[in-house]
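Undergrad: Chain by chain, the residues:
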Amino acid sequence: MPSLGKSLGVRAALLSLLIFAAIVALWQIAAQPVAGSGPAVDPEYAKLVGAAAATGAKSAMPTPADIGAAIWKHLADPFYVRGSNDKGIGVQLAYSLGRVLLGFGLAALVAVPLGFVIGMSPLVYRALDPFIQILKPVSPLAWMPLALYTIKDSAISSIFVIFICSVWPMLINTAFGVASVRREWLNVARTLEVGPLRTAFKVILPAAAPTIMTGMRISIGIAWLVIVAAEMLVGGTGIGYFVWNEWNNLSIANIVTAILLIGLVGLLLDQALARLAKLVTYPE
Amino acid sequence: MERPLISIEGLARRFGDSTQPAVFEDIWFGVERGEFVCLIGHSGCGKTTILNVLAGLDQPSGGAVIVDNREIDGPSLDRAVIFQGHALLPWLTVMGNIAFAVSSRWPSWNRARVQEHARRFIELVGLKGAEAKRPAQLSGGMKQRVGIARALSIQPKMLLMDEPFSALDALTRGMLQDEVLRICADTNQTVFMITHDVDEAILLADRIVLMTNGPGARIAEIVQNTMPRDERHRNDLHRHPQYYAIRNHLVEFLVNRSRAFDQEIAGTAYDPRRVKLVKPGLAAVNPPAEIVPLTTGRRQ
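Going line by line, the protein sequences match chains X and B.
Residue numbers are given in the working numbering: position 42 of the first sequence equals residue 1324, and the series is strictly consecutive.
Residue numbers are given in the working numbering: position 19 of the second sequence equals residue 369, and the series is strictly consecutive.
In isolation and in its complexed conformation, chain X is listed as follows:
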């Protein structure tokens, strides 16, 4: 309330901090080692997870302090490369980001012009609709074996998977945006004897741009979701591979670090496209 000198934003930030502190505190308590008790776990499992857990003295679950230390360690030197299996988290993120941007870019190159054609022509729309309807709900990872078999290159295969998952939202949104350009704007172009190409770039594209950008925003979000899973499957490099590798190392702290960074990068990608969308949005 303004009378109290605190805006809604400030109060929301305070509440966020409070929730964060509560989570950290609960986590700290939950991850506390249980002192003095004997072997608390199944011996088979104990063998698997290591001596500390076997005695029950220390859980494999890191405390928030451990996580903080892990994050600090990663951020202090994010771009080191020590052999093919030991790269900095920044390097891994860069690999993933590169694949996402490449696959997304290729998808945009295909989806926007194709969506334009679909949106302009009811015939093409109807002809392609069954293909789109059937292929759209397929998990992009289902394409992975097919991609690996035909492309025979794991790096390109994961880019292909990103391509496939980002193509649909852009295609559908572009087609929808183009098809729903107001009749009167097209009539303005017609009465001014504007040619088809100029109409496409000067009237239809700006009119449909906000809808196309919404599709792009959805696409990049999905692509960033899918890249982690794709890299877990393909291996080698990337943040998805990093997570899987750290699972094999049972380094929960590293995994949590990766989760937070994946979220952060996803947020930045979304915000970047939101900025772009704002540039092309027009009030009516």
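Keep in mind the hints are simulated off the structure, nothing from the lab.
Wrong hints could be hidden among the right ones.
Said to hold, decoys possible - With a cut-off of at most 25 Å between alpha-carbon atoms, the simulated SDA-like pairs for lysine to any residue come out as follows: (1) Lys507/B / Glu1475/X; (2) Lys483/B / Gly1548/X; (3) Lys507/B / Glu1466/X; (4) Lys1484/X / Pro506/B; (5) Lys483/B / Arg1465/X; (6) Lys1484/X / Asn585/B; (7) Lys1484/X / Lys483/B; (8) Lys1484/X / Pro457/B; (9) Lys483/B / Ala1313/X; (10) Lys483/B / Val1373/X; (11) Lys1484/X / His467/B; (12) Lys1484/X / Asp536/B; (13) Lys1484/X / Asp408/B.
Dock chain B against the given chain X, drawing on the hints supplied.
TA: Then chain B, alone, in the frame of chain X:
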């Protein structure tokens, strides 16, 4: 035969197949060069469809429109349209909207020349200073001014207006009507306008075409506005001796005759190619000069 600038000959339009009744059929009338003609009729009689056919945005089911002795077959820069809902491109500024039209008209012009030309028409409609504004920042009246400037900027042979002031409040409408009257007088523009506002028609039009109700709408008659242009002023229009005679004639048509016109012409020699030209205004100043049937079209 000497044709007027716009000649509408036997125009018909039906939606769906040929078994459907026509919205209108056998429409004949013309608009002379420099003339301001209003078409008046109820909603659904096909007024807007006629204008769209004239603009080249719609195809007639029968008949033709001859402009400058050539049958039209699509939109043309010679026929500028002022749309009912202004139809400005919302992502462009006022300048951008008009420059888009100007550069469509003269593609070889450079940017500076286009802008200079556009600026002239922005000033003409009194929007100087608003060049950089987007349509969303303008009032309804200002938006319609931009629409008028856009149409005039391409210096068309004729202006087609589809109820351009119907979405505006009374005060703004009056101001814009005055400006349109002034601009048309200055540029000797040929105008075809659709309206359902009787006073607007009397103020602006030299001739008023009366259309009956659809389906099967037709031109009932054409009213000559016998009040000279320089005697038509919005503020004292109602004091003009002819005003009420013309107004009553139009209102009588809209209220009663427009729906019973088929009965009115039953048994008379109604020729859709040569509909009656009536001058109700003259009856008021000089009563015996011309007998104008007010309630029925049947002549004894």
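Undergrad: Determine for every hint whether it applies to the structure shown.
TA: Verification of the supplied hints:
1. Lys507/B / Glu1475/X: 15 Å, holds
2. Lys483/B / Gly1548/X: Not satisfied, since the Cα-Cα distance of roughly 36 Å exceeds 25 Å.
3. Lys507/B / Glu1466/X: 22 Å, holds
4. Lys1484/X / Pro506/B: 22 Å, holds
5. Lys483/B / Arg1465/X: 23 Å, holds
6. Lys1484/X / Asn585/B: 43 Å, violated
7. Lys1484/X / Lys483/B: 18 Å, holds
8. Lys1484/X / Pro457/B: Holds - the C-alpha atoms of Pro457/B and Lys1484/X are around 14 Å apart, at most 25 Å.
9. Lys483/B / Ala1313/X: It is violated: about 60 Å lies between the C-alpha atoms, which goes past 25 Å.
10. Lys483/B / Val1373/X: Violated, because 47 Å separates the two Cα atoms, which is more than 25 Å.
11. Lys1484/X / His467/B: Answer holds: Lys1484/X to His467/B is near 20 Å, not above 25 Å.
12. Lys1484/X / Asp536/B: 33 Å, violated
13. Lys1484/X / Asp408/B: Within the cut-off at roughly 23 Å; holds.
Hint violations for this structure: numbers 2, 6, 9, 10, 12, all remaining hints satisfied.
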